[in-house]
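Starting from the known structure of chain U, arrange chain Y on it as the hints suggest.
Protein chains: 2
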Amino acid sequence: MKKTLIVGTVAYDEIETSKGSSGKILGGAGTYIALATAHFNSKSAIVSVVGGDFEEKHLNLLESKGIDISPIEIISKGKTFYWKGKYHNDWNKRDTLSTQLNVLAEFSPVVPEEFKNAEIVVLGNLHPLVQTSVLNQITTKPRCIILDTMNFWMDNSLSELLEVIARVDVLVINDEEAKQLSEKESLFTAAEEILKMGPKYVVIKKGEHGAMLFGDSQFFTSPAFPVKEVIDPTGAGDTFAGGFAGHLSESKEINFETLKSAIAYGTVMASFCVEKFGTTSMENLKKEQILERLKAFKKYTAYSL
Amino acid sequence: MKKTLIVGTVAYDEIETSKGSSGKILGGAGTYIALATAHFNSKSAIVSVVGGDFEEKHLNLLESKGIDISPIEIISKGKTFYWKGKYHNDWNKRDTLSTQLNVLAEFSPVVPEEFKNAEIVVLGNLHPLVQTSVLNQITTKPRCIILDTMNFWMDNSLSELLEVIARVDVLVINDEEAKQLSEKESLFTAAEEILKMGPKYVVIKKGEHGAMLFGDSQFFTSPAFPVKEVIDPTGAGDTFAGGFAGHLSESKEINFETLKSAIAYGTVMASFCVEKFGTTSMENLKKEQILERLKAFKKYTAYSL
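Chains as they are written, first to last, in this note's numbering: chain U, 1 to 305; chain Y, 1001 to 1305.
Bound-form chain U, shown alone (with noise of 0.2 Å):
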C-alpha cells in the first residue's frame, strides 16, 4: 500500500466564533491533514507528540479512520499543544487568544522505519528545524513534498523555513502569507518570487474566494465550494492540503494537470471542514458524500465557450 507521512500538531484548541465557543476540542495541523487523507487509498501515519492529558477517545478516533498514531510520542508528565483563538465576522481574520506549546517546545520528530519510503509527504505547519528534521530522516526521494506554513515562522524563523521551502515539491500557503514571505502585493509577482525560493509549484490559499495553482509556467485558478453557513474555519487550510495530498497519492503522476485536480479535492474537503465547530464534520465524512461534493463543484465550476 501507499504510504503518505504527515507531521503536524495534535492538539486541543478552544474556538470561539458569533455562533459560540467551542470549549476544548480535538484540533491541531496534523490531526486535520490526517482526516481528510484517511479518504485516499494511502496508508497515513501523524508524526507528532501530545501529553498525558491527550483523551484516549482522540487517539482512537485517529486509529479508527486507519491512520498509523504509533509515530505520535505521549509525553504523559506533559500537557498537549493547546490553542485559543477568536473569529470575528471576517472569517479570513482571527485573533490568537492564547497559546501554550508544551510538549511541542522540545518536540524532536521520529520517523518511524516504514514511512522512510513514504510517497507523499505533508509538512505541516510546525517549526521549520521540526520540519526539516522529518526531511532528513527520509531516505527513499518522495513523489511528492508538500509544505505548509504561516507568518508566525516568517516572523520568528525565516532562515530556517526559506532553507525547508528550497528542499519542497509544493509550497502551500495563504494570500497574506504569500505577500509576506515574496515582500510582494500581487499574488502573481508574490508565486513568482516564492517559485524562485526552490518548490517546483505554489498554491495561494484565498479562504472562501478559492485558491491559485502556479508552476511550471502554468496557472490554475478555482473558486471555493460554496458553503451555506460557515460555523469554523479552524482547520479548513489544513484539511485542504490533506485533501490536495490524498488526491496526489492516488495519482499516477504528479504533473500540473494532477495538482489542478488535486486542488478541487482540497476545496471540496475543507468545504466539509468549516461546517461544524472543530473536526466534527471530518469525523463523520463519509467517501460517498466526498464524491457527491465534487461532482457538484464540477457542475458549479464548468462552462463551456
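Certain hints may be false.
Stated by the list, open to error - No farther apart than 20 Å at their CA atoms in a straight line, the calculated lysine to any residue pairs in the SDA-like style are these: (1) K1228(Y) - E176(U); (2) K286(U) - E250(U); (3) K228(U) - Q1218(Y).
Keep in mind that the hints were calculated from the coordinates and are not lab data.
Below, chain Y alone, put in the same frame as chain U:
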C-alpha cells in the same frame, strides 16, 4: 441585425489611485457597457445625456465602434455628469471625492423607435425612475433585461428600485450591495432573497474574487481572470455587464448554461478594463484579444476529476 439597448451615464471621470491621477477622462456606465457590447454581433445604442462640454472626439470614438449614439441627448447649455473618485490599496473600496450630476439631474430618457423592440436591454446604474421610464417605452418584450444598480439607490430610492428589480430578468450587483439589498449576511441567502424580489437570475460580482450566478435552482461560481497588475478598476463592473449582455445577444437561447458562458465573457472583458486607466483598454481592444483571453481563462479554470 439584433439590437441591444443600453441606458446609462456618459460622463467625465477623474480618478486617483496610488499609481497616479487620470485627469478628466471619458467615463460613465453607459460608455463602459457599450464599449463592451460593441464587440458582439448586435447593434448597440446608448440612451443618455451629456452637456455642451462633451467633446466631439468622445462621441466620435463611440460611433467609431459602431455604437448608435443618436439617443445621447446633448444639452448644450448644460455640463456633463462628472465623478471624481479615489482608490486605496484595496481596489474593492473607493471614496467619492466629487459628484456633479449636472445634465443628469433632469434626464428624461427617450428610447428611439427602432430600439423599442431591442432583444437585449441593459439598464446601467442610474436613478431607478430613469430605468423604469426606459422599460415603459419598450414595445416588444425583450429576450433579456439586465439591471445594474448600486448602494446609492438602495439608500435613497429603495421603493423605486424594488419596482424596477421586479421587472428584470437578471440583476447584476456586487457582493456588498447584495447583502445590503437583502439584509442578509451570506451571499447565498442574499441571492435567495433577491430572487424573491422578481428577477429570474442574480449575478453577484466580487471584483478580484470573481462572480456567482444564482437562479433556476442552480448555482455557478467563477474566479476572476488573473490580471498581473490592476491600474484602475473604474468601469470594471459595467464592462462585465456589457460583456455578459453581449454574449447573451449572440446566444440562441437564454438559460442557465448560456448565462454561465456570459459570465466568462463578462469576466474577460472586465479584466481588460482594469489594466489601464479609464476606457483606454476598451478603446483599443480587438476581438482576437478577447477570444485569446477567453481560451486562456478556460484553461486557467478547467480541471478533470
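Quick rundown of the hints versus the structure:
1. K1228(Y) - E176(U): Answer holds: K1228(Y) to E176(U) is near 17 Å, not above 20 Å.
2. K286(U) - E250(U): holds, 18 Å
3. K228(U) - Q1218(Y): Holds, because 14 Å separates the two Cα atoms, which is no more than 20 Å.
Taken one by one, the earlier hints all hold for this structure without exception.
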